[in-house]
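The chain contents come next:
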Amino acid sequence: MYSFDVVRPKSVADAVAALGEEEAQALGGGQTLIPSLKQRLAMPSVLVSLAAIDEIKGVSSEGGGLTIGGGTTHATVAKDCAASYPALAAMAGNIGDPAVRNRGTIGGSLANNDPAACYPAAALASGATIVTNTREIAADDYFQGMFTTALEEGEIITAVKLPIPEKAAYIKFEQPASRFALVGVFVAKFTDGVRVAVTGASEEGVFRWTEAEAALSGDFSAAALEGLSVSADGLMTDLHGSAAYRAHLIGVLTKRAVAQA
Amino acid sequence: MTKVTMTVNGKSVSKEVRGNMLMTEFLRDELHLTGTHVGCDTSQCGACNIHVNGETVKGCTIFAAECDGAEVGTIEGQANADGTLNVIQQAFQDHHGLQCGFCTPGMVMSAATLLKENPKPTEAEIRHYLEGNICRCTGYHNIVKAIMAASGQDVSTIAAE
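Chain order of the listed sequences is A and B.
Residue numbers are given in numbering that gives the first Met the number 0: position 55 of the first sequence equals residue 54, and the series is strictly consecutive.
Residue numbers are given in numbering that gives the first Met the number 0: position 24 of the second sequence equals residue 23, and the series is strictly consecutive.
Isolated chain B (complex conformation) (with noise of 0.2 Å):
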C-alpha cells in the first residue's frame, strides 16, 4: 500500500492505494465519484477520459499511484460553480449529443482540453481528436456538432444526418 495525495476537483485526498489500483477504481470505489465510467478497461473507448494536469488520460490506463500531487478533474467537477451546466454540458444537451449517455462523461473531458487548446476547431480537428472516444448510439454527428456550438461557432450548415 502508498499513500497518495491529489486534488480531485479543487479539493484535497488522501488515501492508502494498492500499487495495482487505477485512477477509474481510485475514483469510482474510493472517492465514489461513479461519473467516470469503464467502457472496454482497455484503453481503446475514452468513457474514463479525466484531465491530470491539465491534459486528458484514460482513467483506465493510469495506476492512482501515478497521480500522487496531481491536480485530477472529472466530470463532478465540470459544471459551473451554481450547478448549471457548463457551456460544453449545455451543447450537449441543446444538440442531442448524448443518447444512453455512457460515453458522454469522456466525450464532455476531451471536449473541454479540445478546446483549451483549439478555441475554434474545424469540423475534421474535431473528429480526429475524439478518435480515442467511441459511442455506441449518435454517430458522433451531433456530438461533432454539440462541440462545435460550444466554441461558438455556427453550426446551421452543419446537416442534421
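Isolated chain A, as found in the complex (with noise of 0.2 Å):
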C-alpha cells in the first residue's frame, strides 16, 4: 500500500469536512477498499473511516418502509431485518463470510457498485431512495454503470430508504470463490407492479429487466415468464461464464427467486 492517514470522525459533518482534503478518500468497512489499496489501485492521502459515526448505524421502521443507515453492517441487516423484509435479509446474510459481513456495509457496497455486488440489485429492486449528506436520490437514478454513482466527489450516503414489498426473494448464483454474484436476481412484487433487478450479468453493472416486469405484474408466477429471454448483447463475458451463459442464467434465476418469493 501506498502511505496514507487515517481519520476517524464522529459525525457526518466532521467527515465532510475531511473529505474536502485533497485526495482524501471514504473508507466504509474497507472490504473492497483495503484489498484495492493492496494493490496499489488507489492513492488516497487521508482516508476517512465512517465506521465512527454513530448517527449513520442501525435500521428503524416507519410507515411500511425501512430505512437503513449507510454504515449498517451486513452482519446487522442480515439479524435486524429478518423479521420486516426477510428477503433483504437473507440477501445480506449471503454477501462474502461472516467476518466480511461484520465490517461491509450497505452504504460502501452502494457507493461501490461492484457490477457482481448483491445489494445494488436489492435498492434497485425494492425502489429505494439513496440518502446522502446533501440530497436523496432514487435508484433508477443513482446507479449509472460499472462502479459508478450519482454520487458527487465527497458525498457521503447516510441512509438507504426501502419500501418493503409484498412479496420479494434473491437468488444469487454463486461463483464460488469470491462469492460474488456470478448473476443475481432480485424480485419485489408491489401492489403497484413488480421490479425485477439483475446483478453480476451486464457490462454496465444493475439492471432492470423490464420485460419480465411487465409479465409479473398481470401474472406473478414464474410460468409468465415462459418464452422471454434476455439478450446476450452487452453481457459479461469472463473465465467464469459466457455472456449466453449469463443470459441463461438470468432468465433461470428469475423463475426461482419468482417461485421463492
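Keep in mind that the hints were calculated from the coordinates and are not lab data.
Treat the numbers as computed from the prediction; the structure is a model and nothing was measured.
All clues stand as given, with none of them false.
Below are the DSSO-like pairs computed for lysine-lysine, each with C-alpha atoms no more than 30 Å apart in a straight line: (1) A/Lys78 <-> B/Lys119; (2) B/Lys2 <-> A/Lys56; (3) B/Lys115 <-> A/Lys78; (4) B/Lys115 <-> A/Lys56; (5) B/Lys2 <-> A/Lys9; (6) B/Lys10 <-> A/Lys9; (7) A/Lys56 <-> B/Lys14; (8) A/Lys37 <-> B/Lys14; (9) B/Lys2 <-> A/Lys37; (10) A/Lys9 <-> B/Lys14.
The two chains are supplied separately, each in an independent frame; assemble them into the complex guided by the hints.
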C-alpha cells in the first residue's frame, strides 16, 4: 500500500469536512477498498473512516418502509431486518462470509457499485432511495454503470430508504471462490407492480429486466416468464461464464426467485 | 503516525502506528503475537481472523487505526485461565480438526463467535459459517466435527470421511 493517514470523525459533518482535503477518500467497512489499496489501485492521502459515526448506523422502520443507516453492516441488516424484510435480510446474510459481513456496509457497497455485488440489486428492485448528506436520489437514477454512481466527490451515503414489498426473493448464482454473484436476481412484488433487478451480468452493472417486470405484474408466477429471454448483447464474458450463459442464468434465476418469493 | 490504544486479550496497549498498518501487522510485528496468521492477505482465507468488539473480522482487512478503543481478541487469548486448551481447541485436538495447523487459529476464532451466536449449530450452519475459512489439508470434515463436538452435540453419527 501507498502511505496515507486514517482519520475517524464522529459525525457526518466532520467526515464531510475531512473529505474536502486533497486526495481524501471515504473508508466504509474496507472489505473492497483495503484489498484494492494493497494492489496499489488507489493512492489516497487520507482515508476518512465512517465507522465511528453512530448517526449513520442502525435500522428503523416507519410507514411500511425501512431506513437503514449507510454505515450499517451486512451482519446487522441480516439480523435486524429478518422479520421486517426477510428477502433483504437473507441477501445480506449471504454476502461474502461472516467476517466480511461484520465489517462491510450497505453504504459502502452501494457507493462502490461493483457490477457483481448483491446490494445494488436489492436497492434497485426495492425502488430504494439513497439518502446522502446533501440530497435524496432514487435508485433508478443512482446506478450509472460499472463502479459508477450519481454520487459527487465527497458525498456520503447516510441512509437507504427501502419500501417493503408484499413478496420478494433474491437468488444468487454464486461464483464459489469470491462468493460474488455470477448472476443474481432480486424480484420484488408491490401492490402497483413488480420490479426485477439483475446484478453480476451486465457490463453496465445492475439493471432492471423490464420485460419480466411487465409479465410478472399481470401474473406473478414463474409460468408468466415462459418464452422471455434476455439478449446476451452487453453482458459480461469472463473465465467464469460467457455472456450467453449469463443471459440463460437470468431467466432461470428470475423464475426461481418468483417461485421462492 | 497516529497513536492507538486498544485492549488486546485483556491487556491495554498503546502504540504509534502508520495509517496503512493492518491489524495483522500490528499484532504480529508490534505486539509479537504471531498466532494470527497471514495466509492469502487478500481477505479470502480467514487464517488472520481475530475478534474486534466480540465479532470475527479479518485481521488483514482492517487497519490498526480503525481498532482504536476496541476490545481485540486473538488466538493467544483463547486458552483457559490455567493454560489448558479451551473447549473448542480441545475438540480440534480430539477430533483431528487440524493437520498442518496454519488455518487453525482462524478456524478457532470463527468457531468461537459461531457458538456464541448459535450454541447448537447444525452441520449445514457450521459449513455456511466457515465459508471464509480456507483449509487445504483436512477437507473440513473433522473441523466441522470438532465444532459440533465443542457445542456438546453427538458426533458419533457423522461419518469419518
